[in-house]
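**Q** Chain residues, written in single-letter form:
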Amino acid sequence: MKFLTSLHILVLAFIISHDVKAQNQIVADLSQENVKITTNFLGAKILLFGAYDGQKGDDIIVVVTGPKGLVTVQKKEKVFGIWVNTKSVNYINTPKYLNISSNRDINKILNQKTQKISEIGLNNLKIRLQPGKKVQKEKEWREALTRNMLKSKLWRLNENSVSLNKNALFRSYLNLPSNVITGQFEVKILHYRKSKLISKELSTINVSKSGVSAEIYNIAQNYSTLYGIFAVILAVLVGWGTNLIFRKV
Amino acid sequence: MYIYLPIAEQPIHSLAILGVGTFLGLIMGLVGVGGGFLLTPIMMFLGIPPPVAVASVANQLVAPSVSGVLSHWKRGNVDFKMGTVLLLGGVVGSSIGVVIFNFLGKIGQLDLVIKSSYVVFLTLIGSLMLSESLNLILRKRKGKVSRGKLHQHNWLHGLPFKTRFRKSKLYISVLLPIFIGIIVGILAALMGIGGGFIIVPAMIYLLGMPTSLVVGTSLFQIIFVAANTTILQASQNQTVDIVLASILLLGSVVGVQVGSRFTNILKGEYLRLILSTLIILVSLKLLTDLITIPSDIFSVIISR
Chain S
7 MKFLTSLHIL VLAFIISHDV KAQNQIVADL SQENVKITTN FLGAKILLFG AYDGQKGDDI
67 IVVVTGPKGL VTVQKKEKVF GIWVNTKSVN YINTPKYLNI SSNRDINKIL NQKTQKISEI
127 GLNNLKIRLQ PGKKVQKEKE WREALTRNML KSKLWRLNEN SVSLNKNALF RSYLNLPSNV
187 ITGQFEVKIL HYRKSKLISK ELSTINVSKS GVSAEIYNIA QNYSTLYGIF AVILAVLVGW
247 GTNLIFRKV
Chain X
2 MYIYLPIAEQ PIHSLAILGV GTFLGLIMGL VGVGGGFLLT PIMMFLGIPP PVAVASVANQ
62 LVAPSVSGVL SHWKRGNVDF KMGTVLLLGG VVGSSIGVVI FNFLGKIGQL DLVIKSSYVV
122 FLTLIGSLML SESLNLILRK RKGKVSRGKL HQHNWLHGLP FKTRFRKSKL YISVLLPIFI
182 GIIVGILAAL MGIGGGFIIV PAMIYLLGMP TSLVVGTSLF QIIFVAANTT ILQASQNQTV
242 DIVLASILLL GSVVGVQVGS RFTNILKGEY LRLILSTLII LVSLKLLTDL ITIPSDIFSV
302 IISR
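Protein chains in written order, with our numbering: chain S, 7 to 255; chain X, 2 to 305.
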């Protein structure tokens, strides 16, 4: 498998390097575009690779953003000796998966201002508080969000993880943890020369539940009462069945 | 072999779950109680979200209870009339419990309530069991085993709607078993337990039932309470993980059968001594989680 993918890259590079040079563009591919969460899913490792028309000193940044939505940050406080969730803040438009990879430290590639404008970096995401709520010390909550998302491995910052070859080829690995959220993942490959964006390429990864695991989830959501009754019947049958088996033994 | 749990939305080692199920089944078979109230905390220690742990354990409890009732029934150890009255209360109670469960989930305090109820009940049951078994062991060493009165009369027996329970040789108010059923039902739904460890002492000490009928009758009512809890948890909260429950119940039904065959070999009081130590350890672990400073006082919830 590994051998095949390396070969794949080489062949691809040969074929497309002329086109890439001529049009100043990026050509990229993924080892897996559809990630299926099945009963033996333990997470996925996806190879992202391709060719770009580079010069010495050029940089590549890869940003993968998962589905966005509501993420609640909770704060615990000590109440009568027990740690209790007492306050919470809702963030809307929050990516439930985020992976930022680059070939070297992002601060060396782009200055702070450019990072902010192009929304690169964990602190430059356009995440908003739920409208109509005022929060004191918002910075503390925002930092807690980043820290916890990084800890859950749903957000990742991998500087120095994109490997470049002969200013023409790049490759990077993408890790989706087992608790990944299903949906469309947007892959953005950005090519910088002296901090200026030369070209970019977009791609998508689809993460979905599949097979028995997906069926069970759907039934539990859509036919929840029937699902419950079925779960009980199953348990009754197993209980009754073992009694029959063990009576004879 | 890892298996992805569709409702808990995470992979878990299936053999570990099977092992835990079998171990708890063994305890159930040996001691007569102890399925749910150890199983749910262990599931939480293994990283299953507490709401899913509670609902799935309720589902798995149905199996060993059915299996247990059938063998007790054969020996004539089930008072169906008393069981029915208890389960009526139990069904009402577990329905109330699921509503409370849903409400606590909405205000974000579910984990806290589940864990702290466990600390309270496990500590209580663990220490009662520990002192009782130690007492019995000490008394046996001295060679004196005294028997108490069959049952005592108190104000509880003065309540209205008196009914005769022939099998249990009782003439008491139906309100009492209904009330016990409701309380146990609420706890069953909230904590993912059958409630055997509450209902068994309640039947012996409050109702005055003969001990030979207690386990069979309590298992009979647990079937219905656990079934009602499972269906309601599934329809209200979508927290029943049938894959998790199935692995657990396969382990537990075998464990129960094996365990019940060894009850005559191992001495009951020593078993209870081991079990109570285990219960107290689990409770201490839960308590430490609640009172030690969390590594991060902030946490996130990602809505699906």
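Honestly, the hints are just simulated from the structure, not real lab data. Among the hints, erroneous ones may be present.
Computed footprint of chain S on chain X; a stretch qualifies when at least three of its residues, placed anywhere within it, have a C-beta under 8 Å from a C-beta of chain S [what the hints assert, rightly or not]:
(1) 85-96
(2) 126-135
(3) 249-256
Within a straight-line C-alpha distance of at most 30 Å, the following computed DSS-like cross-link-like pairs (lysine-lysine) qualify [claimed, not checked]:
(4) X:K75 with S:K81
(5) S:K157 with X:K286
(6) S:K93 with X:K116
(7) X:K107 with S:K159
(8) X:K170 with S:K74
(9) X:K163 with S:K159
(10) S:K51 with S:K206
(11) S:K93 with X:K75
(12) X:K163 with S:K84
(13) X:K143 with X:K75
(14) S:K157 with X:K107
(15) S:K202 with S:K74
(16) S:K93 with S:K139
(17) S:K122 with S:K81
(18) S:K215 with S:K62
(19) X:K107 with S:K145
(20) S:K139 with X:K107
(21) X:K286 with S:K84
(22) X:K116 with S:K81
(23) S:K62 with S:K143
(24) S:K82 with X:K116
(25) S:K200 with S:K139
(26) S:K157 with X:K116
(27) X:K163 with S:K93
(28) S:K82 with X:K75
(29) S:K143 with X:K107
(30) X:K170 with S:K159
(31) S:K140 with X:K107
(32) S:K42 with S:K172
(33) X:K286 with S:K82
(34) S:K81 with X:K107
(35) X:K116 with S:K132
(36) S:K84 with X:K107
(37) S:K84 with S:K143
(38) X:K107 with S:K215
Here a beta-carbon is modelled for each residue, glycine too, at the ideal position from N, C-alpha and C.
**Q** If a hint holds in the structure, say so; if it doesn't, say that too.
**A** Verification of the hints:
1. 85-96: n = 0 at 8 Å, threshold three: violated.
2. 126-135: Our answer is that it is violated, as 0 residues pass the Cβ test (under 8 Å) against chain S, missing three.
3. 249-256: Coverage by chain S holds for the segment 249-256 of chain X (4 residues, Cβ < 8 Å).
4. X:K75 with S:K81: violated, 54 Å
5. S:K157 with X:K286: holds, 23 Å
6. S:K93 with X:K116: Since the Cα atoms of S:K93 and X:K116 sit roughly 19 Å apart, the hinted pair holds (cutoff 30 Å).
7. X:K107 with S:K159: holds, 26 Å
8. X:K170 with S:K74: violated, 64 Å
9. X:K163 with S:K159: This hinted pair is violated, its Cα atoms lying about 62 Å apart.
10. S:K51 with S:K206: holds, 23 Å
11. S:K93 with X:K75: violated, 55 Å
12. X:K163 with S:K84: violated, 49 Å
13. X:K143 with X:K75: It is violated: about 37 Å lies between the C-alpha atoms, which goes past 30 Å.
14. S:K157 with X:K107: holds, 25 Å
15. S:K202 with S:K74: Cα-Cα ~28 Å, so holds.
16. S:K93 with S:K139: Within the cut-off at roughly 13 Å; holds.
17. S:K122 with S:K81: holds, 28 Å
18. S:K215 with S:K62: The hint is violated at about 43 Å.
19. X:K107 with S:K145: holds, 26 Å
20. S:K139 with X:K107: Distance ~18 Å between S:K139 and X:K107 Cα, so the pair holds.
21. X:K286 with S:K84: Satisfied, since the Cα-Cα distance of roughly 18 Å is no more than 30 Å.
22. X:K116 with S:K81: Judged against 30 Å, a Cα distance of about 18 Å means the pair holds.
23. S:K62 with S:K143: With a Cα-Cα distance of about 44 Å, the restraint between S:K62 and S:K143 is violated, given a limit of 30 Å.
24. S:K82 with X:K116: holds, 15 Å
25. S:K200 with S:K139: violated, 41 Å
26. S:K157 with X:K116: With a Cα-Cα distance of about 23 Å, the restraint between S:K157 and X:K116 holds, given a limit of 30 Å.
27. X:K163 with S:K93: Roughly 50 Å separates the two Cα atoms, so the pair is violated.
28. S:K82 with X:K75: Roughly 52 Å separates the two Cα atoms, so the pair is violated.
29. S:K143 with X:K107: Between S:K143 and X:K107 the Cα gap is close to 25 Å, so the pair holds against 30 Å.
30. X:K170 with S:K159: Distance of about 62 Å is beyond 30 Å: violated.
31. S:K140 with X:K107: holds, 21 Å
32. S:K42 with S:K172: violated, 34 Å
33. X:K286 with S:K82: Holds: X:K286 and S:K82 sit about 19 Å apart, inside 30 Å.
34. S:K81 with X:K107: Holds. S:K81 to X:K107 sits at ~16 Å (cutoff 30 Å).
35. X:K116 with S:K132: violated, 36 Å
36. S:K84 with X:K107: Between S:K84 and X:K107 the Cα gap is close to 21 Å, so the pair holds against 30 Å.
37. S:K84 with S:K143: Distance of about 19 Å is within 30 Å: holds.
38. X:K107 with S:K215: Holds. X:K107 to S:K215 sits at ~26 Å (cutoff 30 Å).
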